[in-house]
Amino acid sequence: MITKQNQMSKILYYFFIISLLTILGCSKDPCNDLDSGVYKYPEKEAKGKSLAESIELYRIPEQVLQCISTEGLILSCISYPEMRMIWTRNSLQQGFDYIEDKCNGYEELWRREDKNQVFIDLYLLLDFERNWTDFTDLENGQYVDNIIRHELIMAQDEILMDLTDNEKLDLFQLVLEKQKVKKLKSQDFGVLGMAGSIAILSRIMLYDQYPPFLEKYEDNWGMMVAVDLIQGIHEMGREEIMNFSEDFLEILKNK
Amino acid sequence: MPYKKIFTIVFLAMSFNIYGQTIKTPKNQTISVSASRDTPALIIQWEAQAASWINQHSSGAVRKASATSNYNCHAYAWHISDGGDDEDCWLNNIGTNLSKYWTNDAYSITSSRANSHFNG
Chain A
1 MITKQNQMSK ILYYFFIISL LTILGCSKDP CNDLDSGVYK YPEKEAKGKS
51 LAESIELYRI PEQVLQCIST EGLILSCISY PEMRMIWTRN SLQQGFDYIE
101 DKCNGYEELW RREDKNQVFI DLYLLLDFER NWTDFTDLEN GQYVDNIIRH
151 ELIMAQDEIL MDLTDNEKLD LFQLVLEKQK VKKLKSQDFG VLGMAGSIAI
201 LSRIMLYDQY PPFLEKYEDN WGMMVAVDLI QGIHEMGREE IMNFSEDFLE
251 ILKNK
Chain B
1 MPYKKIFTIV FLAMSFNIYG QTIKTPKNQT ISVSASRDTP ALIIQWEAQA
51 ASWINQHSSG AVRKASATSN YNCHAYAWHI SDGGDDEDCW LNNIGTNLSK
101 YWTNDAYSIT SSRANSHFNG
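If you read the protein sequences in the order shown, they are chains A and B.
Per our numbering, residue 1 is the first one in the first sequence, and the count goes up by one each step.
Per our numbering, residue 1 is the first one in the second sequence, and the count goes up by one each step.
The shape of chain A in the complex, shown without the other chains:
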């Protein structure tokens, strides 16, 4: 009797193991289809479709959102085909708000606990000092556009209001360094090419209620527009923000 029970248990055990292996073997990991970890949007299928239809096609499947890495998710948001429409509104912030509403990657991205550090790491990799003359105008324009996309996402409250003290210091320091390079290469970045980094610096100071900046911000309509809407600001305004940033960085370092 005991032997029969044992035999039955063994049979059930092996049946369970074989079934499990079969299920695991047959089920496909949705993230196997990613391109170097980045979601491939079905742009061919969307060709000739209306914008509304394309946006539906470009929704990242829920299973992919669950398995994609944070880096892959960030790069998928940056490479969202309609991200180009950030330029079709009256300001970059309004452009981003429009795209955030269409691309379902952001909802998942804002939930990721490691998003800030991954963003900092990705931003660090962007080469601001490359030899711009080695490239065509179009290639340079695409490169600046890509930098702006990174900065535009990083400038959102979901990132800036979620920074730890260390992340805030790292990000602020890094963005200020990059902004200094942009200033030296202002002919390559232009006014709008500097708008994202200026907005990140300004918003961090604003959210920390840094008094000298706050006073200036509340008293200067142009600066308010540049910070709130992420629009370009004239050279004098940029200089003021960079000077405030230098002082604020020292405060962050001594915290």
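If you are wondering where the hints come from, they were derived from the structure by calculation, not from laboratory data.
Every residue gets a Cβ at the ideal spot worked out from N, C-alpha and C, and that includes glycine.
Treat the hints with care, as some may be off.
What the hints assert, rightly or not - Computed list of lysine-lysine pairs in DSSO-like fashion (alpha-carbon distance at most 30 Å, straight line):
{"id": "1", "chain 1": "A", "residue 1": "Lys216", "chain 2": "B", "residue 2": "Lys100"}
{"id": "2", "chain 1": "A", "residue 1": "Lys28", "chain 2": "A", "residue 2": "Lys47"}
{"id": "3", "chain 1": "A", "residue 1": "Lys44", "chain 2": "B", "residue 2": "Lys64"}
{"id": "4", "chain 1": "A", "residue 1": "Lys10", "chain 2": "A", "residue 2": "Lys28"}
{"id": "5", "chain 1": "B", "residue 1": "Lys64", "chain 2": "A", "residue 2": "Lys47"}
{"id": "6", "chain 1": "A", "residue 1": "Lys44", "chain 2": "A", "residue 2": "Lys102"}
{"id": "7", "chain 1": "B", "residue 1": "Lys100", "chain 2": "B", "residue 2": "Lys24"}
{"id": "8", "chain 1": "B", "residue 1": "Lys64", "chain 2": "A", "residue 2": "Lys49"}
{"id": "9", "chain 1": "A", "residue 1": "Lys102", "chain 2": "B", "residue 2": "Lys64"}
{"id": "10", "chain 1": "A", "residue 1": "Lys102", "chain 2": "A", "residue 2": "Lys168"}
{"id": "11", "chain 1": "A", "residue 1": "Lys40", "chain 2": "A", "residue 2": "Lys102"}
Claimed, not checked - One-sided excerpt, in silico: chain A residues whose CB lies under 10 Å from chain B:
{"id": "12", "residue": "Ser91"}
{"id": "13", "residue": "Gly141"}
{"id": "14", "residue": "Val144"}
{"id": "15", "residue": "Val191"}
To be verified - Partial selection, computed: residues in chain A whose CB lies under 7 Å from chain B:
{"id": "16", "residue": "Ser50"}
{"id": "17", "residue": "Leu51"}
{"id": "18", "residue": "Trp87"}
Once you have looked at the hints, place chain B on chain A.
Structure of chain B alone, referenced to chain A:
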């Protein structure tokens, strides 16, 4: 001009905030405009993106001309298409600057669609 509604598929809707010049609405309200300082690289990139967008989607949008840093979409729609000067004419829709055109002026809001264009 009784009224008109211009539907625009446009890139370059923004510029930066140095207001130094003004233009007038049909009923003589003053509108601030600026000169663009965008780089040729970004302008070429925007033009490529706009062309790609039109090619990708069925929208009825057509390309009107090459991209330029002389004026933007709002300036084209409200000023240049009615014969206004196109030099250094970037018109931002911030605050009440642009809405003067349809506030106690020659234009009013309508739900009907008139035509479409894009200017880079």
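These are the hints, each one checked on the structure:
| no. | hint | verdict |
| --- | --- | --- |
| 1 | Lys216(A) - Lys100(B) | holds, 29 Å |
| 2 | Lys28(A) - Lys47(A) | holds, 27 Å |
| 3 | Lys44(A) - Lys64(B) | holds, 26 Å |
| 4 | Lys10(A) - Lys28(A) | holds, 29 Å |
| 5 | Lys64(B) - Lys47(A) | holds, 22 Å |
| 6 | Lys44(A) - Lys102(A) | holds, 19 Å |
| 7 | Lys100(B) - Lys24(B) | holds, 10 Å |
| 8 | Lys64(B) - Lys49(A) | holds, 22 Å |
| 9 | Lys102(A) - Lys64(B) | holds, 28 Å |
| 10 | Lys102(A) - Lys168(A) | holds, 28 Å |
| 11 | Lys40(A) - Lys102(A) | holds, 16 Å |
| 12 | Ser91 | holds, 6 Å |
| 13 | Gly141 | holds, 3 Å |
| 14 | Val144 | holds, 6 Å |
| 15 | Val191 | holds, 4 Å |
| 16 | Ser50 | holds, 6 Å |
| 17 | Leu51 | holds, 5 Å |
| 18 | Trp87 | holds, 5 Å |
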